[in-house]
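Enquirer: Top to bottom, those sequences are chains A and B. Under the working numbering, the first residue of the first sequence is numbered 2, with each subsequent residue one higher. Under the working numbering, the first residue of the second sequence is numbered 40, with each subsequent residue one higher.
Cβ-Cβ distance ranges computed for the label pairs, FRET-style:
id, chain 1, residue 1, chain 2, residue 2, range
1, B, Leu208, A, Pro96, 38 to 48 Å
2, A, Ala65, B, Ala200, 37 to 47 Å
3, A, Arg100, B, Leu149, 21 to 31 Å
4, A, Ser10, B, Pro339, 50 to 60 Å
5, B, Ala175, A, Gln13, 47 to 57 Å
6, B, Ala175, A, Ser10, 44 to 54 Å
7, A, Gly94, B, Thr369, 27 to 37 Å
8, B, Gly174, A, Arg74, 54 to 64 Å
9, B, Leu420, A, Glu55, 38 to 48 Å
10, A, Arg59, B, Arg351, 40 to 50 Å
11, B, Gln337, A, Ala65, 49 to 59 Å
12, B, Leu158, A, Ser10, 35 to 45 Å
Simulated coverage check for chain A against chain B, where a stretch passes if three residues somewhere in it have a Cβ under 8 Å from a Cβ of chain B:
id, stretch
13, 14–23
14, 36–48
These are calculated hints, taken from the structure and not from any lab test. Ideal Cβ placement from N, Cα and C applies to all residues, glycine included.
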Amino acid sequence: VFLVSGCVSVAQQDEMNMDRLSTAADDGSILAGLIVNGDAGSTFARAHARELQEDADRVRLSVADAQPSGDQRLEKLAEELSSTLGDLVAHPGDPAVARRARAHLKVLSQAIAKTSS
Amino acid sequence: MKKYTQIALGVIAALGGFVDIGELVFNSQAGGNFGYKTLWAIPVGVVGIVVYAELSGRVAIATKKANMDLVRERYPHWLSTVTLIFGLAVCLITLSAELGGMGLLLHYVLGWNEGFFTLVGLALMVAASLVLNFGAIERVFGYLGLGLVVFVVAALHHGPAWHAIGTGLVPSGGSLQYWYYVVGVMAAGMMPYEIYFYSSGGIEEGWTDDDLPVNRANAILGYPLGGLISAALTIVAAQQLLSMQLSPQSLATVLQEALGELGPVGFYAAAIGAFFAIGGATIDCAFSCAYTLAQHQQWPWGKKRGLREAKRWAAALLGAFGVAFAMVQTRVDPIELTEYAVIASAVAMPLSYFPIMRISHNRERMGQHASGVLALPLAWLYFAVICAIAIAGPILMVLTHMGELK
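Turn these sequences into a full structure, and let the hints steer you where they fit.
Expert: Structure (structure tokens):
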């Protein structure tokens, strides 16, 4: 059952990738907001941002490796998302970086929603 | 007076010890995806664990037999072996998910590598299992697990939408994904390791007829209060994540909810509570692995017998920790592992719970403690629920790709 639960069609894989990116973007934007407000400590912010960045990287690799070739827009969005989250990983205690990242993550989240619709 | 104190302490420990990584993950994901709509599944799961915990405690008191002893006695050899294999597999998967969760929590708070912290968590849990007695384990992990009450505070602080919460307590229909989470929330509340540990613990502590009120109070008061924390996890996730349809894929997102609502104090209370709640469940799971194997194989077992008298039981305990640690080291995601553990538990439940239910109303074995007019129908009703969950869980898991497809 566990093995079968891993089998999905290309369309389903795209849907799941889209959801994962959307989750990472929204979660990252909440985290960035907490950094801006001075609530999130650097250790937690770095650890969580890195997890989200890894999620985005996994989606990018999954799209890049897809046969037939995956959605290029999705791959690009995943790349941008990873890079923005990477800024939070590199500067987890910097409110200015977090402010810029939050704005960018919101734009990315909307772009992902538009792509999925 | 001593009895009341014992009951109060047991209830508090059950409250803090009810929530484990399965509860943290499934309840938060359900809240983020469906708001309050899955709340009704929590009392269904809680009543299930109350019914079977009370039964297993009562059966242990009356027959001096733990759960897997009854499985061995009442099933043909092949079926008892199948039950053992399922039970062990579920306990090991759950144990590795809990260990991985502990590593992650330490990583979020202290930095450094999560693999290193999983090793630290393993060392702490092995030491606690060997050094602390049951009372101390219950107090340390149950009481400090109460840090999770911060989610109840966060839900109230945010301003609960009481009408929506009330509506969520009434079952409603939904997509396959919705039903996957409903089944997950119910199964997370009734994980078999809780019963293996509860009944074996009762034997270890030498429960007698005098302990029946303690058994009843712990089950009837402690678990529902623990269910409150589960409900709060769903409510807080609904309050903060539903507008974005954000389903937490990480324990960090769950901690972040407390941070967002109550600031750093909320974050640290949630982190400490989650660490000790998951730590308590880790110890329960490891003991359950050793108990089930030893009882099935008729080896001498029990913490009170000591490492020398119950060598094979002790080896099984340490072996369980070792295997679970090895599973986490494959870099499998503890959150994914948790989902597998919860759904696998659903399949293992009927096999594990059936013998307890059957013997609980056998007047020859139970005497005056046999199930009466309330406990017997409830046990049968819940056995039907458990069977339904066991069938639906794996099917929904495949159809929704572990809750990812709508």
